[in-house]
Amino acid sequence: MKISTKGRYGLTIMIELAKKHGEGPTSLKTIAQANELSEHYLEQLIAPLRNAGLVKSIRGAYGGYELTNAPSKITAGDVIRVLEGPITPVEGIEDEEPAKRELWIRIRDAIRGVLDNTTLEDLASHSDDQEPDGYMFYI
Numbered sequence: 075m076k077i078s079t080k081g082r083y084g085l086t087i088m089i090e091l092a093k094k095h096g097e098g099p100t101s102l103k104t105i106a107q108a109n110e111l112s113e114h115y116l117e118q119l120i121a122p123l124r125n126a127g128l129v130k131s132i133r134g135a136y137g138g139y140e141l142t143n144a145p146s147k148i149t150a151g152d153v154i155r156v157l158e159g160p161i162t163p164v165e166g167i168e169d170e171e172p173a174k175r176e177l178w179i180r181i182r183d184a185i186r187g188v189l190d191n192t193t194l195e196d197l198a199s200h201s202d203d204q205e206p207d208g209y210m211f212y213i
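Quick note on my numbering: the sequence shown kicks off at 75 and runs consecutively.
Treat the hints with care, as some may be off.
As the list claims (entries may be wrong) - Listed below are the simulated DSS-like cross-link pairs for lysine-lysine, each with C-alpha atoms no more than 27 Å apart in a straight line:
#, residue 1, residue 2
1, K147, K76
2, K80, K93
3, K147, K93
4, K103, K80
5, K94, K130
6, K130, K80
7, K174, K130
8, K80, K147
9, K147, K130
10, K94, K174
11, K80, K94
12, K103, K174
13, K103, K93
14, K147, K174
15, K76, K93
16, K93, K174
To be verified - Pair by pair, the computed Cβ-Cβ distance ranges are:
#, residue 1, residue 2, range
17, T79, K103, 32 to 40 Å
18, A108, L177, 16 to 24 Å
19, G134, N191, 35 to 43 Å
20, H114, D196, 25 to 33 Å
21, H200, K174, 29 to 37 Å
22, D190, K76, 16 to 24 Å
23, G166, G98, 17 to 25 Å
24, T142, R82, 20 to 28 Å
To be clear, the hints were calculated from the coordinates, so they are not data collected in a lab.
Where is the CB? At the ideal position from N, CA and C, for every residue including glycine.
Start from the sequences and build out the full structure, keeping to the hints where you can.
Here's what the structure looks like:
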């Protein structure tokens, strides 16, 4: 499964909104400038997120977008499914021989598990100095 720029940039929008959650609406222009992205492209991505009920728009001079739920209630999987469609590593797994079908199902379930157990709160609170679990050597 390959996540396109739609999914990646859509997740960027949602992470930025999660960071500002509770502070009022955030404009797409602000998000675009902070991440060096095209505001026009972000405008195309926000519509399906709004239609799916993940964000709401606020009109006016100080308007923008806000999350409809707390960042802890929205997962990366929610965002990716809206923008990319169903999470499947290969098409037509039901036609595969049993050994390969089992492999594809395990891969799909692993990807779903990571996306569905990672919230926007997790992503928004991540800092660059957090390293993944690495090796610890004692001498």
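Practice task
Could you tell me which of the numbered hints above are not met by this structure, giving the numbers in increasing order?
Solution key: As far as the earlier hints go, 7, 10, 12, 14, 16, 17, 18, 23 are violated by this structure, in ascending order.
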